[in-house]
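Now for the letters of each chain:
There are 2 protein chains.
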Amino acid sequence: MAIELKGLTKRAENYSQWYNDLVVKADLAEQSAVRGCMVIKPYGYAIWEKMQRQLDDMFKATGHVNAYFPLLIPKSFLSREADHVEGFAKECAVVTHYRLKNNPDGSGVVVDPEARLEEELIIRPTSETIIWNTYKNWIHSYRDLPILCNQWANVFRWEMRTRMFLRTAEFLWQEGHTAHATREEAMEEAVKMLNVYADFAEKYMAVPVIKGVKSANERFAGALETYTIEAMMQDGKALQSGTSHFLGQNFAKAFDVKFINKENQLEYVWATSWGVSTRLMGALIMTHSDDNGLVLPPHLAPIQVVIVPIYKNNEQLAVLDSRVAPIVERLRNMGISVKYDNADNRRPGFKFADYELKGVPVRLALGGRDLENGTIEVMRRDTLEKETVALEGIEEYVAKLLEDIQANIYQKALKHRAEMTTSVDTYEEFKEQIEKGGFILAHWDGTPETEEKIKEETKATIRCIPLDGDKTPGKCMVTGKPSAQRVVFARNY
Amino acid sequence: MAIELKGLTKRAENYSQWYNDLVVKADLAEQSAVRGCMVIKPYGYAIWEKMQRQLDDMFKATGHVNAYFPLLIPKSFLSREADHVEGFAKECAVVTHYRLKNNPDGSGVVVDPEARLEEELIIRPTSETIIWNTYKNWIHSYRDLPILCNQWANVFRWEMRTRMFLRTAEFLWQEGHTAHATREEAMEEAVKMLNVYADFAEKYMAVPVIKGVKSANERFAGALETYTIEAMMQDGKALQSGTSHFLGQNFAKAFDVKFINKENQLEYVWATSWGVSTRLMGALIMTHSDDNGLVLPPHLAPIQVVIVPIYKNNEQLAVLDSRVAPIVERLRNMGISVKYDNADNRRPGFKFADYELKGVPVRLALGGRDLENGTIEVMRRDTLEKETVALEGIEEYVAKLLEDIQANIYQKALKHRAEMTTSVDTYEEFKEQIEKGGFILAHWDGTPETEEKIKEETKATIRCIPLDGDKTPGKCMVTGKPSAQRVVFARNY
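Protein sequence lines, in the order shown, are assigned to chains A and B.
Adding 27 to a residue's 1-based position in the first sequence gives its number in my numbering.
Adding 27 to a residue's 1-based position in the second sequence gives its number in my numbering.
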């Protein structure tokens with residue numbers, strides 16, 4: 028595929044357009060023929076695979092196992108938990124028939140009216156209902172608990188306004204569904220997985236996040252408590268990046284899942300669920316990238332280092348090839364993914380721009396003069412700085428540089444968030460500040476009514492009630508009523 | 028979950044029931060509330076994950092990349108390729124609506140009649156159509172070729188008679204879809220992937236397979252040529268375990284995908300597709316397992332070695348724990364997955380039976396007397412043989428034993444296949460022999476009519492025209508017409 032290097036909108040001009048351009052031009056994804064559904068292209072998918080692998084390792088290290096539950100959910104299951112159906116009914120893809128037949132007029136195929144399902148099936152928007160219906164048969168005694176299952180799956184929510192990765196009708200995700208004997212253990216699990224998500228975001232994605240609790244308005248449909256990690260994008264808007272829910276006994280009650288506890292009494296099972304999705308790709312792209320294209324954290328970059336030879340003729344190329352081969356091998360032995368791009372159908376300048384667009388963290392360029400001098404040119408994608416260093420020991424240099432880049436882009440994002448976070452005490456200040464974007468720490472009286480009023484008047488929502496940081500009580504900026512602590516407001520994706 | 032160790036039907040009594048029992052009792056999968064769809068339980072999914080990881084590595088080593096295409100396919104896309112729609116229309120799950128609403132009578136939710144889709148969407152039974160509609164925009168010149176994409180996905184075919192893993196409405200699979208500039212290159216790709224599948228089946232699953240070409244009757248809907256690997260189960264029935272299709276220019280024509288070739292002429296693109304699914308789990312289970320439960324090949328066993336301590340009191344257990352810890356560590360360092368089961372709520376005898384049922388290849392048991400003697404008891408699952416060996420060097424002993432087991436179960440399956448394979452020359456012999464099960468090598472005149480007649484009269488189909496082996500021509504056993512070579516007949520799953 029020919030790569031169009033021109034025409035990436037600048038962030039300052041139109042941040043939203045810059046994002047859309049970048050997703051397409053960096054070959055991450057594209058719109059499909061099906062409304063609201065995207066095609067995740069190989070380069071985008073390679074990043075998602077690295078995320079998956081790392082998250083999966085972290086889930087397994089915390090005692091979880093993977094399983095797989097059906098794509099389709101009987102309509103009646105959704106209705107069992109009142110809040111849950113309320114939250115998802117309006118965006119369900121509904122399967123009503125199980126067969127097509129030839130159109131008698133010869134014009135193709137039509138739905139066979141005789142193949143109508145007795146009960147319609149819903150493409151899972153999330154799997155609590157089908158999973159708890161299954162757990163009913165798995166759980167009898169406290170000895171069967173806890174159950175710590177995760178599944179990697181596609182889900183479907185018929186969203187009206189979609190944006191690639193950020194909000195699509197079909198998306199890929201993982202959903203953990205755990206069952207516990209006690210309330211305390213379930214709460215602990217919900218918080219544990221929130222911490223796994225926060226660790227992943229910060230250490231691998233290099234995206235700083237605020238851990239917190241959602242207000243009642245923003246809670247998952249069917250949860251008693253929703254924990255969230257909230258990230259700030261470069262435009263100052265918040266992106267909810269992962270959630271972990273304490274579901275209490277709601278789904279156990281809806282599906283009649285009881286167990287005999289150690290005291291030999293029947294009790295409903297306690298539940299959590301937690302998920303992150305391909306939305307994380309959106310967070311990754313929007314946090315670090317710039318007007319030249321993607322900036323990828325080394326820990327998740329499919330190609331961490333690209334080496335481009337600069338040569339005048341095939342003879343010189345052969346010399347460069349043989350000089351580069353051992354470098355590639357040594358880097359690979361260090362666990363670093365390297366691409367040596369000696370393709371002869373593109374000029375070095377074109378390659379440079381392409382790998383910049385694709386966010387490859389480190390670019391090495393080696394030419395005839397370098398061979399004479401025993402040097403090599405190193406470009407780091409995060410700062411676009413170039414320097415010429417000794418060829419000897421380049422592998423260690425690169426390994427260290429990758430860690431420097433990882434740390435640097437995290438620090439840069441952290442600094443940006445700090446600059447875009449303000450504390451305000453009055454609603455007037457708030458209304459002024461929210462127009463500038465960013466996170467606003469303000470006091471709130473804890474009521475859904477006040478939150479709703481703020482949202483209507485300013486388009487800002489409570490992103491979370493932070494778990495860490497300042498816990499000083501105060502007075503609600505809107506009503507003057509008591510507030511337990513400042514909460515985080517922002518406009519959001 | 029309490030494990031029911033009793034009640035596994037014996038193979039000789041009822042092979043089919045034995046299989047169904049085993050899938051459930053070994054905790055691999057269970058029927059879900061949705062007709063024809065199964066829940067893949069954690070232990071079953073762990074085996075599938077090992078298969079996936081290995082196959083994915085093999086795909087990448089042969090130059091393929093992963094991507095993701097939409098779950099839903101516009102109905103009109105299916106109609107574009109005539110054979111394809113003919114093959115899949117009768118088993119399509121059809122999405123007709125995108126919203127539920129509260130039933131005015133308060134009885135739950137109903138499909139909102141106002142949310143009817145203009146064009147119905149089909150849950151993918153396979154993705155050729157949506158992918159070739161996408162490739163149209165990716166391919167302009169020979170420089171854009173080849174495209175070597177794979178996707179791991181769920182697909183849906185509304186099967187009337189389902190069996191867990193072997194034939195389910197929803198199943199998990201991978202589907203490779205490649206695009207090429209020449210017929211030769213596409214043919215080469217189709218054969219290459221057939222060989223990857225055969226290697227995987229033989230080296231990892233320890234399942235011997237016959238590589239061959241399908242007859243026209245058994246070809247994939249839309250393919251010009253279908254390559255297959257065919258395995259023989261213990262009951263002598265064949266199981267098609269993986270297919271690779273040369274699609275010619277059929278889908279390129281249906282979706283108008285042309286490219287400018289090196290001679291600067293517009294030409295249709297050449298295609299392949301290839302897939303294996305969770306059906307491989309069925310092949311794995313049915314090839315090796317016995318009346319005591321699963322027998323897993325070491326290369327795919329989630330737990331390769333289990334160590335069970337035999338102790339009289341907690342003091343003795345503590346001694347065993349400390350003696351086992353370094354063995355576990357050394358085995359793990361050798362890349363061997365080990366479970367040390369010192370749980371005190373189950374007796375050793377129960378554990379032994381459970382791990383036999385689960386097919387763990389090697390069981391080590393260590394008791395007080397072993398400590399005194401410097402020995403350990405080793406049980407290999409394939410033959411159920413026990414022996415007592417020196418504790419010193421047990422890690423190397425186990426590593427070698429795992430390879431022995433892998434080789435042994437392959438040889439056992441190969442021997443079984445040889446014993447159950449016969450050559451016949453007359454249709455009378457054929458009809459007699461087919462009742463005994465197994466593969467029959469016989470001459471066939473190459474016509475669909477003769478194949479159809481044989482199928483109707485004997486329930487046997489042509490599994491494949493083998494690529495290797497005897498190529499001597501002869502005369503069709505039914506019509507006496509010329510035959511190019513013997514083909515493989517069998518009854519099949």
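Hints in this document: simulated from the structure, not taken from any laboratory.
Please note: incorrect hints may appear among the correct ones.
One copy or two, either will do: identical chains are not told apart, so a pair holds if it fits within one copy or between any two.
To be verified - Listed next, the in silico PhoX-like pairs over lysine-lysine satisfying Cα-Cα at most 25 angstroms (straight line): (1) K52 / K87; (2) K463 / K378; (3) K413 / K442; (4) K289 / K378; (5) K52 / K163; (6) K219 / K378; (7) K378 / K87; (8) K52 / K285; (9) K442 / K378; (10) K77 / K439; (11) K280 / K128; (12) K508 / K480; (13) K366 / K87.
For the identical chains here, do K77 and K439 meet the 25 angstroms Cα criterion within one copy, between copies, both, or neither? Close inside one copy (23 angstroms), not across copies (39 angstroms); limit 25 angstroms.
Within a copy, between copies, both or neither: where do K508 and K480 come within 25 angstroms Cα-Cα? Classified as within: same-chain Cα gap 15 angstroms, cross-chain 86 angstroms, threshold 25 angstroms.
My question is about K52 and K285: at a cut-off of 25 angstroms on alpha-carbon distance, are they close within one copy, between copies, both, or neither? Between copies only: 22 angstroms across, 52 angstroms inside.
Alpha-carbon proximity context of K378 and K87, limit 25 angstroms: So K378 and K87 pass the 25 angstroms test across copies only (23 angstroms; inside, 39 angstroms).
Please work out whether the CA atoms of K366 and K87 approach to 25 angstroms or closer within one copy, between two copies, in both situations, or in neither? between (30 angstroms within a copy, 15 angstroms between copies)
At most 25 angstroms between C-alpha atoms: does K463 with K378 qualify within a copy, between copies, both, or neither? Close neither inside one copy (38 angstroms) nor across copies (64 angstroms); limit 25 angstroms.
For K219 and K378, with the copy left unspecified, which applies at a CA distance of at most 25 angstroms: within, between, both, or neither? Answer is neither: 43 angstroms inside a copy and 31 angstroms across each miss the 25 angstroms cutoff.
My question is about K280 and K128: at a cut-off of 25 angstroms on alpha-carbon distance, are they close within one copy, between copies, both, or neither? between (42 angstroms within a copy, 23 angstroms between copies)
At most 25 angstroms between CA atoms: does that hold for K52 and K87 within a copy, between copies, both, or neither? Between copies only: 24 angstroms across chains, 35 angstroms inside a chain, cut-off 25 angstroms.
Is it within, between, both or neither when you check K413 against K442 at 25 angstroms Cα-Cα? This pair counts as within: shortest intra-copy Cα distance 24 angstroms, inter-copy 64 angstroms.
For K442 vs K378, is the C-alpha pair at or below 25 angstroms within one copy, between two copies, both, or neither? neither (32 angstroms within a copy, 55 angstroms between copies)
Pop the pair K289 and K378 into one bin, within, between, both or neither, using alpha-carbon distances up to 25 angstroms. Only across copies: K289 and K378 sit 23 angstroms apart there, 65 angstroms inside one copy, limit 25 angstroms.
Hint violations for this structure: numbers 2, 6, 9, all remaining hints satisfied.
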